[in-house]
Amino acid sequence: MSVQDLRIEFPTRDRSQTVKAVDGVDFEVLRGETLGIIGESGSGKTTLGRALVSLVKPVSGRVLHGGTDLAILRGRELRRVRADYQIVFQDPNAALNPRMTILDSIIEPAEILGHGNDASRRRDGLDMLAQVGLALEVAGRYPHELSGGQKQRVNIARVLTVRPKVIVCDEVVAALDVSIRGSILNLFADLQRSFDLTYVFITHDISVVSHISDRIGVTYLGKLMELGPAEDVIDRPLHPYSQALLSAEPLPLPSNLRPTRRIILQGEIPSPLAPPSGCRFRTRCPIAEAKCAEEVPQWRQVRNGHWAACHFAREDGHSATGANCNDQKGGSNEDAE
Amino acid sequence: MNIGEFQTDRSPSGQKAAMETPLLDVRDLSLRIAGNETPLIRDVSFSVRPGERVGIVGESGCGKTMTGLSILRLLPPIGIAASGQVLFEGEDLFALSPGGLRAVRGRDIAMIFQEPMSALDPVFTVGEQIAEAYRAHFAASATEARARAMDALARVGIPAPDKRYFDYPHQLSGGMRQRVMIAMALICSPKLLIADEPTTALDVTVQSQITDLLRDISERTGTALLFITHDLGVVAETCTRVITMYAGEVVEDAPVDDILLAPRHPYTSGLLRSLPGLSPRRGKLPFIPGRVPSLAAMPVGCRFRERCSHAVPACEVYQRMEPVGPMHSTRCGRAGELSLMGAVH
Numbered sequence: 115m116s117v118q119d120l121r122i123e124f125p126t127r128d129r130s131q132t133v134k135a136v137d138g139v140d141f142e143v144l145r146g147e148t149l150g151i152i153g154e155s156g157s158g159k160t161t162l163g164r165a166l167v168s169l170v171k172p173v174s175g176r177v178l179h180g181g182t183d184l185a186i187l188r189g190r191e192l193r194r195v196r197a198d199y200q201i202v203f204q205d206p207n208a209a210l211n212p213r214m215t216i217l218d219s220i221i222e223p224a225e226i227l228g229h230g231n232d233a234s235r236r237r238d239g240l241d242m243l244a245q246v247g248l249a250l251e252v253a254g255r256y257p258h259e260l261s262g263g264q265k266q267r268v269n270i271a272r273v274l275t276v277r278p279k280v281i282v283c284d285e286v287v288a289a290l291d292v293s294i295r296g297s298i299l300n301l302f303a304d305l306q307r308s309f310d311l312t313y314v315f316i317t318h319d320i321s322v323v324s325h326i327s328d329r330i331g332v333t334y335l336g337k338l339m340e341l342g343p344a345e346d347v348i349d350r351p352l353h354p355y356s357q358a359l360l361s362a363e364p365l366p367l368p369s370n371l372r373p374t375r376r377i378i379l380q381g382e383i384p385s386p387l388a389p390p391s392g393c394r395f396r397t398r399c400p401i402a403e404a405k406c407a408e409e410v411p412q413w414r415q416v417r418n419g420h421w422a423a424c425h426f427a428r429e430d431g432h433s434a435t436g437a438n439c440n441d442q443k444g445g446s447n448e449d450a451e
Numbered sequence: 018m019n020i021g022e023f024q025t026d027r028s029p030s031g032q033k034a035a036m037e038t039p040l041l042d043v044r045d046l047s048l049r050i051a052g053n054e055t056p057l058i059r060d061v062s063f064s065v066r067p068g069e070r071v072g073i074v075g076e077s078g079c080g081k082t083m084t085g086l087s088i089l090r091l092l093p094p095i096g097i098a099a100s101g102q103v104l105f106e107g108e109d110l111f112a113l114s115p116g117g118l119r120a121v122r123g124r125d126i127a128m129i130f131q132e133p134m135s136a137l138d139p140v141f142t143v144g145e146q147i148a149e150a151y152r153a154h155f156a157a158s159a160t161e162a163r164a165r166a167m168d169a170l171a172r173v174g175i176p177a178p179d180k181r182y183f184d185y186p187h188q189l190s191g192g193m194r195q196r197v198m199i200a201m202a203l204i205c206s207p208k209l210l211i212a213d214e215p216t217t218a219l220d221v222t223v224q225s226q227i228t229d230l231l232r233d234i235s236e237r238t239g240t241a242l243l244f245i246t247h248d249l250g251v252v253a254e255t256c257t258r259v260i261t262m263y264a265g266e267v268v269e270d271a272p273v274d275d276i277l278l279a280p281r282h283p284y285t286s287g288l289l290r291s292l293p294g295l296s297p298r299r300g301k302l303p304f305i306p307g308r309v310p311s312l313a314a315m316p317v318g319c320r321f322r323e324r325c326s327h328a329v330p331a332c333e334v335y336q337r338m339e340p341v342g343p344m345h346s347t348r349c350g351r352a353g354e355l356s357l358m359g360a361v362h
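Sequences listed follow chains A and B, in order. Using our numbering, read the first sequence as starting at 115 and increasing by one per residue. Using our numbering, read the second sequence as starting at 18 and increasing by one per residue.
Just chain A, same shape as in the assembly (with noise of 0.2 Å):
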């Protein structure tokens, strides 16, 4: 999958502005990887993951499936192909028709696209079942008598029946329990390996982030500021906003193990409607300068494979002003000094 300059604009609701959700955005999902998008409210990641599976049309730009651009397809053609990239929501309920059995939900896409006969959906949709780690007597249930861990589960088996390549997935243990989350992960890692699947997995989380991705990027304020291998965006960041946003995720550690100073943030996101000129992130960044002003910084690669958005990103991580630079000292932990 290719996205190409994708932007995607959203008006007011009277009309007279438009707020730029995703603001020319650049990146390629690699078959087979799991690429983690990292970004807060209002920085346009879960607008990305939408416009990756086409349920929102981009104003400029192209979202490329295996180099077809779906905006140009029509009918059947269109739903053939867009069944290849599916998408699993946060909300493990509102995915759910409360009137309708497990396996009739489960089944229901299979069903739209017309793949095989109702019995054969049926055998598929027991067996998605049992793949995701369902009893079979799950499936005669409704959602109501499921915990929220199960209803995710039922979930994936539901976009597991029309076997894509892509899922997109859209925060999908933010609402369940910490002491159950790992079980839907592992549950993911393991179906990626059965059914060769590409995860585009979009979280606000960055210790989730950071365990499952191949490679990560970070959005603010509809645009990307970094991406790269994961191992290097959590432990070497290069960007300003990657380095506070790594070392203000509050870490259960005793305290003589934890890094004695974070890097924060003044003030909070500014409105995607007037967002600042030059670099998305001046207003709140520790080394901006009155370039950043001026100049919307290029998006490069500044290492091998690793891109980042900001004039001072250099190939060791430090930022190019000598004062500000923040000292990467391996972990996720730095020191602002």
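Bear in mind the hints are in silico, worked out from the structure with no lab data behind them. Accuracy of the hints is not assured; some may be wrong.
What the hints assert, rightly or not - DEER-style ranges, computed between Cβ atoms:
#: 1; chain 1: A; residue 1: L227; chain 2: B; residue 2: K301; range: 32 to 40 Å
#: 2; chain 1: A; residue 1: S155; chain 2: B; residue 2: A112; range: 55 to 63 Å
#: 3; chain 1: A; residue 1: R237; chain 2: B; residue 2: P297; range: 31 to 39 Å
#: 4; chain 1: A; residue 1: S174; chain 2: B; residue 2: P316; range: 53 to 61 Å
#: 5; chain 1: A; residue 1: S234; chain 2: B; residue 2: I97; range: 45 to 53 Å
#: 6; chain 1: B; residue 1: G307; chain 2: A; residue 2: S234; range: 31 to 39 Å
#: 7; chain 1: A; residue 1: V195; chain 2: B; residue 2: S135; range: 20 to 28 Å
#: 8; chain 1: A; residue 1: R145; chain 2: B; residue 2: P316; range: 42 to 50 Å
#: 9; chain 1: A; residue 1: T215; chain 2: B; residue 2: I97; range: 34 to 42 Å
#: 10; chain 1: B; residue 1: K301; chain 2: A; residue 2: E142; range: 52 to 60 Å
#: 11; chain 1: B; residue 1: D179; chain 2: A; residue 2: R145; range: 57 to 65 Å
#: 12; chain 1: A; residue 1: R414; chain 2: B; residue 2: E354; range: 54 to 62 Å
Claimed, not checked - Just a sample of chain A residues kept apart from chain B, beta carbon distances all over 10 Å, derived:
#: 13; residue: V195
#: 14; residue: F203
#: 15; residue: Q204
#: 16; residue: R213
#: 17; residue: G263
#: 18; residue: P278
#: 19; residue: A358
#: 20; residue: P364
The beta-carbon is built from N, C-alpha and C at its ideal position, and this holds for glycine as well.
Given chain A, put chain B in place with the hints provided.
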């Protein structure tokens, strides 16, 4: 003085014999839904000393919010029967008259919630609401209350408080609204602040601002903090002591560092090990099998035993909170023989 360091000083005689009188002492708090045998909250006992920062952690449905609400008797008046005692400076809040309780709420004990928007009145400016909280407890002129409210806004790090005073809640961001709630809670200089998931609705970069603010204020003013959250990371960074709750019971009570290094209850250990940040990248994540039992299916004895890998037949009898170390107690009969994994391997 760093209150945090003071608090982690070990008292050899253990928690019960702590020299100070506790500020808040919850004794055998139980809540029952009318007509239901099984208590929703069972025998919850813990204390908070003056200036101490205590976290209550647990997953959804463990009773942590109910516990916080019942301290100020904010639970719905019908349908739930409470028993036990909530002593605040030796006085039982459960025995107070409505008027007496009103004098405590907002004055000695203040509370902030997860969603500041639902706690703020949309038709008054935030400044007026803070000033009102002050005038509810002190005979002050409108001018004096306004000056104090602006001062409170400044203390919680709101820029240009003389302008923000006149803003309505919808004009502020989520993080600013939570700061307003904190300003309102602190205007009467309470001795205890109960914060129920105050950062859960906020982004991580804003969350760290708010937790730092709460810790700083507690250190500077000596206000004790009861911090209710599901996030062990937030507790580790904010509190000095932590109480773990599971299925309506306190299962462990210990200084933060002790519980992170060497938890003594299998649930606390399981919860810690479930955090993805503590496992090797891309490896299998540990998790706790099953789910929190419903009230109707609550196991007799240890409420965690059906999900516990260490359960033995002896767990089928009621488990008491027992001391297992200095200031450390747990509700697990096997605590003495088990060696459980904490956050650091």
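Checklist entry - What hints, given by number in increasing order, does this structure fail? => result Hints 2, 7, 10, 17, 19 and 20 contradicted; others consistent.
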